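Starting from the structure of chain A, add chain B where the hints point.
Each chain, letter by letter, is given below.
There are 2 protein chains.
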Amino acid sequence: MPEFRKDPAVYRWVIIATERAKRPIRPDASDTAQCPFCAGNENMTPPEILVLRDKSDPSSFPNWTVRVVPNKYPALVPEGSATQITDENYEVHSGIGAHEVIIESPYHVTDMALLEETQFEAILRAYRHRIMELRTDRRFRYILIYKNQGVEAGATLEHVHSQLIAMPMVPKLVLEEINAAKNYYEANRRCVFCDAIRKETDGGERFVIENARYLVMCPFAPRFPYETWILPKKHSSFFEHNTQQDDDDLAVILRETLIRLNRSLSGPAFNYLIHSSPLERGENNDYHWHMEIIPKLIQVGGFEWGSGSYINPVTPEQSARSLRAALT
Amino acid sequence: MPEFRKDPAVYRWVIIATERAKRPIRPDASDTAQCPFCAGNENMTPPEILVLRDKSDPSSFPNWTVRVVPNKYPALVPEGSATQITDENYEVHSGIGAHEVIIESPYHVTDMALLEETQFEAILRAYRHRIMELRTDRRFRYILIYKNQGVEAGATLEHVHSQLIAMPMVPKLVLEEINAAKNYYEANRRCVFCDAIRKETDGGERFVIENARYLVMCPFAPRFPYETWILPKKHSSFFEHNTQQDDDDLAVILRETLIRLNRSLSGPAFNYLIHSSPLERGENNDYHWHMEIIPKLIQVGGFEWGSGSYINPVTPEQSARSLRAALT
Chain A
66 MPEFRKDPAV YRWVIIATER AKRPIRPDAS DTAQCPFCAG NENMTPPEIL
116 VLRDKSDPSS FPNWTVRVVP NKYPALVPEG SATQITDENY EVHSGIGAHE
166 VIIESPYHVT DMALLEETQF EAILRAYRHR IMELRTDRRF RYILIYKNQG
216 VEAGATLEHV HSQLIAMPMV PKLVLEEINA AKNYYEANRR CVFCDAIRKE
266 TDGGERFVIE NARYLVMCPF APRFPYETWI LPKKHSSFFE HNTQQDDDDL
316 AVILRETLIR LNRSLSGPAF NYLIHSSPLE RGENNDYHWH MEIIPKLIQV
366 GGFEWGSGSY INPVTPEQSA RSLRAALT
Chain B
66 MPEFRKDPAV YRWVIIATER AKRPIRPDAS DTAQCPFCAG NENMTPPEIL
116 VLRDKSDPSS FPNWTVRVVP NKYPALVPEG SATQITDENY EVHSGIGAHE
166 VIIESPYHVT DMALLEETQF EAILRAYRHR IMELRTDRRF RYILIYKNQG
216 VEAGATLEHV HSQLIAMPMV PKLVLEEINA AKNYYEANRR CVFCDAIRKE
266 TDGGERFVIE NARYLVMCPF APRFPYETWI LPKKHSSFFE HNTQQDDDDL
316 AVILRETLIR LNRSLSGPAF NYLIHSSPLE RGENNDYHWH MEIIPKLIQV
366 GGFEWGSGSY INPVTPEQSA RSLRAALT
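From first to last, the protein sequence lines stand for chains A and B.
Okay, so the first sequence: first residue is 66 according to our numbering, each after it adds one.
Okay, so the second sequence: first residue is 66 according to our numbering, each after it adds one.
Hints are computed from structural coordinates only; laboratory data are not their basis.
Take these hints with a grain of salt, some might be off.
Note that identical chains are pooled: a pair holds if it fits in a single copy or bridges any two copies.
[Stated by the list, open to error] Using 35 Å as the maximum straight-line C-alpha spacing, the simulated DSBU-like pairs for lysine-lysine come out as follows: (1) Lys-247 with Lys-87; (2) Lys-247 with Lys-71; (3) Lys-87 with Lys-264; (4) Lys-120 with Lys-237; (5) Lys-298 with Lys-120; (6) Lys-247 with Lys-237; (7) Lys-71 with Lys-120; (8) Lys-120 with Lys-247; (9) Lys-120 with Lys-264; (10) Lys-299 with Lys-120; (11) Lys-264 with Lys-237; (12) Lys-71 with Lys-264; (13) Lys-247 with Lys-137; (14) Lys-299 with Lys-87; (15) Lys-247 with Lys-298; (16) Lys-120 with Lys-87; (17) Lys-237 with Lys-298; (18) Lys-137 with Lys-298; (19) Lys-299 with Lys-137; (20) Lys-71 with Lys-237.
Since the model is a prediction, treat every value here as computed from it, not as a measurement.
Extracted from the complex, chain A is given alone in its bound form:
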């Protein structure tokens, strides 16, 4: 059973999950007969939790557009209670949670940017459905959706997919972001993310693109070159409160952002993640959900692991300029 352990010095929980050591290091990518995410190989994954189908022709092959399955090598497991075990100073918490895989296409596509807009819509719908179901489980306090595309970004399978982890605690970085946003709101009576949106809209130097409901920008103090954020223009604390129309607009702009990153950077490995409010909070004035996209261009080294600070050789103004020009 996996476990959470708290560092006795730094306030940071790590997940010790020895099951994950059994993951294949790097399975033969070219042999799609062996790809557990391809249509026809559904029996190679654990039974599915959710399947979305294209209603126009239910008898067609493949007969699904998006599947969600439990991660075969989970970092957290759903069984058991969230009992805390404390060995003197050493805090341990049983590794309760959910770890799911969202298979984003029935075909062996390896770059999300190549998917159709309708497929992006289906993926976002799958994210939302899974969050809505998991948030009814009162043991969970936070749900993180994330994607690793490319070996350098941590992917072990190349077939397009993302992942979801539900956990019994709010993770450190989210807590820090929430606390900082709360403090900002208390001081200014404005949301710090809304302020950034206002600042970048209409000729802001970190502005990338926008549509009716979303703004894409490079953040002011990015950890990484070409780090790019997507924010809803209308203040909202929870990704899963999106309407169908919100998702459709997000699908369009996420796809275009990934295409622009591909053009600017020749198809980089990347991560993305969705930062949304902790489950127990309601809609609030201070926290604004958003998506962070992080191309994997530089190696993180001793300075970063030792300081928690980052050296970024590219300004967000340069990144934004390059992304704005990418499709012209």
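This is chain B only, laid out in the frame that chain A set:
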């Protein structure tokens, strides 16, 4: 000129250093005639700040054992004052600091574990000398020594070297560690690191090796597989307060630890870093300097970037067992 930028949401300074974009991506490693760190190529680096020589024969070639030079592509620069510039909500601080390279051998050795014990002693002496000099500059509040060995660990040059960054602020992670250690001390009137040492000495399951003055152990809640710490047994807040005899003992145990990591893991890329007290504090009861060694075995992905939490597939008890057995 580089700059520090503070994220308006999370409390985290990043260093935006566009000079570093000019670094060679991966110079031809095998051509030692082109290696700026090899003896004979001294003119390929900026003028040296410190050079250690083997006194027994000053006329020999090479005529040095360790050289310290400014980083040619610095993340921070020594000129200028530490003026803070604030653009509305966006805090910027000029990128004042020092960024130095410690060249750890005159020969083209690529694995630190292959160096002699006397060479390790010289390297530690160089670290200490540089810190002692830089700490007289009142603009600096923290000095971090770190090493990146191997491309996967962030090294761009393969010749053995480490780096030093002096900066005008205490970095986030060090601040967190210090605050947590202070809280622990206030609650327990004992140092949290001393407690860990006591727990692991004499058959502790995360114990690796020890000598008269140092203990090597895997920490209770490691971020990474085979993460290994070296701690002085006698409580001390500053690495640079080490005596010559302390350094000699550290040289022996650091070398043996790296050899054991090599045996257990077939010569992994790795980082190490020294966590010492901020410069403005004196010796104190709560903070205990130590060295953290992090082999680069797994890719960090969207979960880690989004949560600040880590999934580690290897328990520290497994890592310690493997390291204990590595030379038997």
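Q. How would you classify Lys-247 and Lys-237 at a CA-CA limit of 35 Å: within, between, both, or neither?
A. Both: 15 Å inside a copy, 19 Å across copies.
Q: Up to 35 Å between alpha-carbons, please classify Lys-247 paired with Lys-71: within, between, both or neither.
A: both (25 Å within a copy, 17 Å between copies)
Q.
Regarding Lys-71 and Lys-120, is the shortest C-alpha distance of 35 Å or less found within a copy, between copies, in both, or in neither?
A. neither (47 Å within a copy, 48 Å between copies)
Q: Evaluate Lys-247 and Lys-87 at a C-alpha cut-off of 35 Å and name the case that applies: within, between, both or neither.
A: neither (41 Å within a copy, 39 Å between copies)
Q | 35 Å Cα threshold - placement of Lys-237 relative to Lys-71 | A | both (11 Å within a copy, 18 Å between copies)
**Q.** Intra- versus inter-subunit Cα pairing at 35 Å for Lys-264 with Lys-237
**A.** both (28 Å within a copy, 27 Å between copies)
Q: Since the copies are identical, ignore which copy is meant and state whether Lys-299 and Lys-87 lie within 35 Å (CA to CA) inside a copy, between copies, both or neither.
A: neither (44 Å within a copy, 40 Å between copies)
**Q.** Alpha-carbon proximity context of Lys-247 and Lys-137, limit 35 Å
**A.** neither (38 Å within a copy, 41 Å between copies)
Q: Since the copies are identical, ignore which copy is meant and state whether Lys-120 and Lys-237 lie within 35 Å (CA to CA) inside a copy, between copies, both or neither.
A: neither (41 Å within a copy, 51 Å between copies)
Q) How would you classify Lys-120 and Lys-264 at a CA-CA limit of 35 Å: within, between, both, or neither? A) Neither: 42 Å inside a chain and 61 Å across chains, both beyond 35 Å.
**Q.** 35 Å Cα threshold - placement of Lys-247 relative to Lys-120
**A.** This pair counts as neither: shortest intra-copy Cα distance 44 Å, inter-copy 60 Å.
Q. Between the shortest in-copy and the shortest cross-copy C-alpha distance, which are at most 35 Å for Lys-120 and Lys-87: within, between, both, or neither?
A. neither (38 Å within a copy, 53 Å between copies)
Hint compliance for this structure: hints 1, 4, 7, 8, 9, 13, 14, 16, 18, 19 are broken, all remaining hints hold.
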